[in-house]
Amino acid sequence: MTIAADTPRRKRPFWTIERRDAAAGYAFIAPQLIGIVTFVLFPLGLVFYYSLHEWNVLANTFNYVGAANYQMLLADKALPQVLLSSAVFSAGLVVLNMSLALLLAVLLDQKLKGITLFRTLFFSPVVVSLVAWTIVWSFLLQNNGGINGLLQLIGVEGPNWLRTPTTAMISVIVVQVFKNVGLNMILFLAALQGVPRELYEAARVDGAGRFKQFRRITLPLISPTILLTSIITIVGSLQVFAQIAVLTQGGPGMTTTVLVYYLYQQAFQFHFFGYGSTLSILLFVIVALLTFVQWQMRKRIVFYEN
Amino acid sequence: MKISQLKTTAAVAGILLPLAWSGTAWAQDAVNLRMTIWSANEAHLAMFNEIAEGFKATHPNVTVSFEPLPFDSYTTTLTTQIAGGNPPDLAWILETTAADFVNSGALAPLTDAFTATEGYDIADVSEQATALWTKDGQLYAYPFSTSPFAIFVNNDVIKAAGAKTPAELIAEDAWTWDNAFASAAAVGQSGKTGLVLRDFKYQVWQNMASIWNGWGASPWSADGKTCTFTDKAMVDAMTAIHKAIFTDKAMPGPGEDIDFFAGETGMTITQISRASLLPKENPFDWDLVPLPAGPVGHYAVVGQAGVGAFAASPNAATAVEFLAYMTNPENSQKLAQFFPPARASLLNAETLASTNPLLSAEQIDNVVIDGISTGSVLPGHTNFAQIQQTVRSSLDSLWVADADIPAVLQSVCDSVGPLLAR
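Here the protein sequences line up with chains P and Z, keeping their order. Reminder that position 140 of the first sequence reads as 140 in the working numbering, one-by-one numbering, no gaps. Reminder that position 375 of the second sequence reads as 375 in the working numbering, one-by-one numbering, no gaps.
Treat the hints loosely; a few may be bogus.
To be verified - Computed from the model, here is a short list of chain Z residues facing chain P with C-beta under 7 angstroms:
(1) G105
(2) P109
(3) T226
(4) A385
(5) Q386
(6) D396
These are calculated hints, taken from the structure and not from any lab test. Glycine included, C-beta positions come from ideal geometry on N, C-alpha and C.
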């Protein structure tokens with residue numbers, strides 16, 4: 001200690017190399033960080049704050065009610081049906097979307113003349129405006145609409161697609177799958193093209209058939225992409241809104257009232273902003289849990305080369 | 001800072017500061033009022049802009065802008081604007097949500113301001129029309145449109161199907177729902193569409209009041225506390241409607257979106273303000289007749305629209321002043337060309353004939369004047385949005401061919417009962 005005190009003090013510059021590096025680093029992430037804080041974390045905090053209040057927009061009252069909205073959530077008789085509809089929608093969407101995307105990717109992973117045209121064709125719905133896409137489908141799915149018109153040509157009496165519980169759910173799922181399957185398809189296609197060709201050659205030499213090659217080589221090697229797409233698809237499926245609002249308005253009955261649509265009704269149609277906020281906290285917890293579980297599963301089922 | 005930078009900064013400041021200065025000076029005097037409306041009809045907008053220009057003569061600093069919002073999501077958009085801290089100064093309000101707005105305290109009281117306005121003559125405004133918009137003797141929104149439900153007829157389509165036209169039935173004193181449905185069924189079975197309940201779309205069930213009121217049915221008791229969907233009158237009315245849709249094909253089924261004014265439909269039930277939609281090119285032989293008589297006899301139903309000023313707006317006083325100007329006797333006459341008036345002095349054949357050149361004297365007498373003076377307003381309730389949605393959701397099971405009507409109506413009461421009793 002004494003030695004240190006005796007040595008002549010040298011003024012250390014404030015901007016050491018480490019500090020300069022750190023400052024540069026923070027400066028680089030600042031735009032993103034500011035964006036996340038302003039547009040994600042702050043609203044998230046606000047939603048939680050609102051969920052503890054009863055907010056009457058018309059009367060302009062905003063009162064603290066503690067956990068009352070959360071108690072209402074537990075007692076809400078409509079909620080089980082809403083969660084069931086959400087689960088059916090998500091399950092149907094994920095299974096159909098992923099399998100169709102993979103099938104298309106395998107079919108399009110070939111060196112053929114004009115294959116780019118097909119890839120573009122299948123991808124194009126992704127860049128179409130969601131609402132425009134859904135409105136066109138709503139015309140097609142009407143009882144006297146295009147699809148039943150086509151069915152009539154071959155002598156089949158089509159169902160009233162958007163008005164029958166089962167077909168209404170199938171319709172919203174299929175419309176959503178067709179809209180977004182191209183995105184997963186492109187991701188799968190990129191993953192498929194990253195699989196080393198020599199592995200297939202070696203497998204062929206060992207006498208593996210096409211199906212076995214797919215199961216033992218392709219699937220494991222593209223499993224990181226499968227995980228990624230499944231997370232994106234599930235999270236996206238839980239946030240579906242426009243399709244429901246345009247096609248069914250949650251009907252018939254409550255069969256297609258998924259959580260986000262129910263939340264919208266409570267907050268914006270019935271003006272229960274406090275309860276709507278509580279429902280969005282529930283949605284946040286569900287999405288976070290599902291993502292966590294999937295992320296944990298990656299250790300078991302996802303294959304990493306290194 | 002380099003000299004060049006300094007120069008640039010000074011130059012930019014030199015341009016911006018005076019601009020900002022003049023901007024604030026201008027903002028101090030000027031009042032911009034914004035009114036949300038649900039009509040995007042150009043003729044309507046032109047008339048409102050004309051009235052706003054007229055107000056400028058006495059209030060040169062006031063500019064009124066009209067913001068059309070889509071009708072289907074009108075109230076939702078309006079309340080979202082309010083929740084977002086960006087409320088309009090004035091807004092149109094639907095009769096179904098009148099109770100919510102009037103009781104909430106969101107609207108500025110109007111009676112005193114109207115009484116104090118010279119030449120306003122508030123006694124001329126019929127009490128029947130203002131009942132829905134009044135609380136404790138104070139008017140909170142002015143019913144600028146009291147529009148009767150009536151039936152527009154396409155005689156070409158009905159005659160082509162070999163059915164009797166409403167005019168013929170009226171002449172025989174046989175204009176009843178039974179005969180109206182029969183004519184519609186003849187059209188429906190000929191491959192065209194018989195009768196469309198406009199804007200209903202198997203969602204806006206309150207529009208069925210234009211039919212079920214003929215049976216004396218109503219969705220809830222007069223005090224709004226008890227569900228009456230299970231009453232005999234309602235069961236009978238719904239049975240008749242269900243039969244017209246699924247057995248007789250007199251009305252289009254769910255999921256079929258058909259516009260009467262396209263010219264391929266026999267009849268449509270809608271408000272007379274829709275006369276502006278009649279085609280100007282390739283017109284068909286149209287008629288306008290009152291609603292047919294039901295089992296309880298002759299009846300009429302009106303839809304109302306009110307316009308109110310928001311109390312919380314910093315310009316609330318000016319907004320109320322503008323409202324007094326917009327609905328004074330002179331401007332009410334202008335409004336009357338599109339929106340049937342609530343002023344007794346305007347409810348006569350001469351005035352209405354000059355403002356509604358499309359309609360014949362007989363149509364004005366039978367449909368407009370009779371409808372406004374005897375009609376009951378569409379059902380409304382506090383917390384209407386949730387009640388509407390709950391009933392809609394339960395009624396969905398009624399719209400299948402083999403529905404058990406009394407059971408479905410019982411399920412409606414089971415689900416909506418607790419909401420009404422609150």
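Tested hints:
Given the 7 angstroms rule on beta carbons, the hint for G105 (chain Z) holds: about 6 angstroms separates it from the nearest Cβ of chain P. Checking P109 (chain Z) against chain P by beta carbon gives a least distance of about 15 angstroms; that is not within 7 angstroms, so the hint is violated. Taken as an interface hint, T226 (chain Z) does not check out: its beta carbon lies about 20 angstroms from the nearest beta carbon of chain P, beyond 7 angstroms. A least Cβ separation of about 5 angstroms between A385 (chain Z) and chain P falls short of the 7 angstroms threshold, and the interface hint therefore holds.
Given the 7 angstroms rule on beta carbons, the hint for Q386 (chain Z) holds: about 4 angstroms separates it from the nearest Cβ of chain P. Against a cut-off of 7 angstroms between C-beta atoms, the interface hint on D396 (chain Z) holds, since the closest Cβ of chain P lies about 4 angstroms away.
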